[in-house]
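> One letter stands for each residue in the lines below.
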Amino acid sequence: MTFASGLLAVALVTVGFRALPALARPTLPFGVRVPPHRVDDPAVDRQRHRYARRVEEAGALAAVAVAALALLGVVTGLVVTGLVVTDLALFLLASRAVRAAKLAGAYYDGTRQAVTSDTTLRTDPVRMPWPVLAAAVAVLLVTAAVGLLRLPDLPPTLPALGPVGVDPSVRTPTTTGTALAPVVQQAVSTVLAPVLVAVVLRARPELDAADPAGSAKQYRRYLRGVAVLLLATTALVNTSLAVVALQLWGVVAPGPLAVAASAAPLVVAGLAWIRFAVRVGEAGHRLPGGSAGSRFVQRDDDRHWYLAGLVYGNRADSALLVHKRIGIGWTLNIGHPVAWVVLTVLALAAVLAATGVVDLPVRGGPTLDP
Amino acid sequence: MYNRYAPLVQLTLDLDSEVPIYVQIRDRVVEAVADGELTEGSPLPSTRHLAADLGINFHTVTKAYDLLRQQGVIRVNRRSGAVVRRDARSGPPEPGFVDDWEQRLRTLVADAVVHGMHPAGVLGRTDAVLGSFRAGQPT
Chain A
1 MTFASGLLAV ALVTVGFRAL PALARPTLPF GVRVPPHRVD DPAVDRQRHR
51 YARRVEEAGA LAAVAVAALA LLGVVTGLVV TGLVVTDLAL FLLASRAVRA
101 AKLAGAYYDG TRQAVTSDTT LRTDPVRMPW PVLAAAVAVL LVTAAVGLLR
151 LPDLPPTLPA LGPVGVDPSV RTPTTTGTAL APVVQQAVST VLAPVLVAVV
201 LRARPELDAA DPAGSAKQYR RYLRGVAVLL LATTALVNTS LAVVALQLWG
251 VVAPGPLAVA ASAAPLVVAG LAWIRFAVRV GEAGHRLPGG SAGSRFVQRD
301 DDRHWYLAGL VYGNRADSAL LVHKRIGIGW TLNIGHPVAW VVLTVLALAA
351 VLAATGVVDL PVRGGPTLDP
Chain B
1 MYNRYAPLVQ LTLDLDSEVP IYVQIRDRVV EAVADGELTE GSPLPSTRHL
51 AADLGINFHT VTKAYDLLRQ QGVIRVNRRS GAVVRRDARS GPPEPGFVDD
101 WEQRLRTLVA DAVVHGMHPA GVLGRTDAVL GSFRAGQPT
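These protein sequence lines are chains A and B, in that order.
Taking the numbering used here, the leading residue of the first sequence gets 1, the next gets one more, and so forth.
Taking the numbering used here, the leading residue of the second sequence gets 1, the next gets one more, and so forth.
Just so you know, these hints were derived from the structure itself, not from any lab.
Treat the hints with care, as some may be off.
[Stated by the list, open to error] Cβ-to-Cβ under 7 Å is the rule here; a few derived chain B residues that face chain A:
{"id": "1", "residue": "Val-9"}
{"id": "2", "residue": "Pro-45"}
{"id": "3", "residue": "Leu-54"}
{"id": "4", "residue": "Gly-55"}
Fair warning: this is a prediction, and the values are worked out from it, not measured in the lab.
Every residue, glycine too, gets a C-beta built ideally from N, C-alpha and C.
Let the sequences and hints guide you as you build the complete structure.
Next up, the structure:
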């Protein structure tokens with residue numbers, strides 16, 4: 001990791017962790033559930049400010065360390081890893097402090113806890129945005145068609161796939177597998193994305209009993225946005241892979257322009273997700289339409305959440321997927337038997353890939369055929 | 001097709017209430033029908049989906065649906081699942097319903113009398129509650 005990339009990584013990590021509390025739902029500061037009338041409690045505010053100051057200080061220290069190590073010619077990757085670990089620890093500390101303040105202040109005394117569900121989310125669910133998936137499929141089909149047309153005319157060796165496109169200095173023998181590796185990767189992502197979206201659309205809606213109608217409307221828009229973004233991201237990833245494939249097949253010359261053309265769709269996807277996180281927010285809490293007025297507060301289920309709201313485990317809960325407390329997305333209920341089946345399969349796949357028993361079609365990784 | 005102007009149907013359960021959860025589900029569904037949010041033919045979620053969404057036991061939802069079925073509010077079959085069977089426009093009440101309802105009303109009014117509510121207050125509040133149900137309004 002060079003000096004510039006090290007500094008950039010430190011800045012990104014610091015900005016990311018610094019933004020976490022601002023992006024979180026107000027009733028879930030540092031992954032701890034608090035009732036709406038206590039979101040601005042001085043104890044919670046104090047932790048927000050303390051966490052922000054410490055993350056900034058850790059970032060500044062890491063930047064100095066990166067600069068010092070760069071002068072000495074030492075690799076700075078460890079500094080960035082250390083910064084991530086430090087920021088995570090700061091988050092956990094803040095979470096523990098908020099939880100302690102919540103217990104000491106008896107935040108839930110005098111409230112009526114409730115759960116809520118919107119039946120229309122089941123009887124008239126958010127549909128799969130097929131037109132967006134069609135874009136991903138179209139890119140895949142066009143790339144595959146070009147690949148099949150070029151296949152007979154390819155040279156005996158092809159440039160190896162690198163982390164950013166192809167590496168012309170390393171050549172590998174031409175086989176159907178090496179030539180069509182980007183197409184296979186496109187196909188895998190195009191098949192997996194709608195499966196993932198279908199699973200997400202069936203996950204338990206994240207509604208708030210303090211605002212049943214408002215949160216239901218927000219969640220519906222949020223869910224639709226996530227589904228569209230997931231499939232649009234697939235289309236953009238396929239586009240990026242198409243540019244890589246064109247370089248591999250000699251249609252486009254490798255170089256800075258090709259790298260930029262390959263990276264641009266991924267940058268667009270990243271920016272779209274950031275914009276979504278800022279404009280829509282977790283579970284759609286930033287969207288208009290929210291209105292308080294219910295005499296209830298959402299059930300306090302902190303006892304089922306671990307590691308500052310990063311892990312959920314509840315054997316009595318039949319839901320397999322629940323919305324994360326931090327960030328956009330869903331997490332497995334590790335109290336559900338199926339979750340352990342999923343985790344075991346993933347762990348096995350990781351072990352088999354790490355030991356070289358199977359080759360996963362990872363970009364920049366090994367190709368499919370020898 | 002989802003209609004953004006169609007009423008949303010929320011089932012909110014008070015976990016601190018002494019009223020059993022399955023009775024609360026039954027009450028919320030009946031209120032949603034009275035309010036016009038659910039009409040004859042409206043589908044209800046499957047028991048497993050509703051239980052997972054509310055984070056409650058699947059048998060609790062089954063018990064609530066059984067009660068609603070016995071009271072003639074919904075019908076349940078294997079193909080279409082649980083569907084609302086009747087609403088305010090489905091015609092006069094079935095034989096026996098009024099007597100049963102009057103018995104429950106008697107207990108409710110007795111509560112008001114025991115706690116010293118004025119008869120005019122009882123009637124006034126009953127009128128207000130009745131007026132709040134959109135499905136019962138003349139068209």
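> Regarding the hint that B:Gly-55 lies at the interface with chain A, is the smallest CB-CB distance below 7 Å?
holds (5 Å)
> Is the interface hint for B:Leu-54 satisfied, with its Cβ closer than 7 Å to some Cβ of chain A?
Status holds, d = 5 Å.
> Tell me if B:Val-9 is really an interface residue toward chain A, meaning its C-beta lies closer than 7 Å to one of theirs.
Because about 4 Å separates B:Val-9 from the closest Cβ in chain A, which is inside the 7 Å limit, the hint holds.
> With a cut-off of 7 Å, does the beta carbon of B:Pro-45 approach a beta carbon of chain A closely enough for the hint to hold?
Given a least distance of 4 Å, the restraint on B:Pro-45 holds.
Hint compliance for this structure: no hint is broken.
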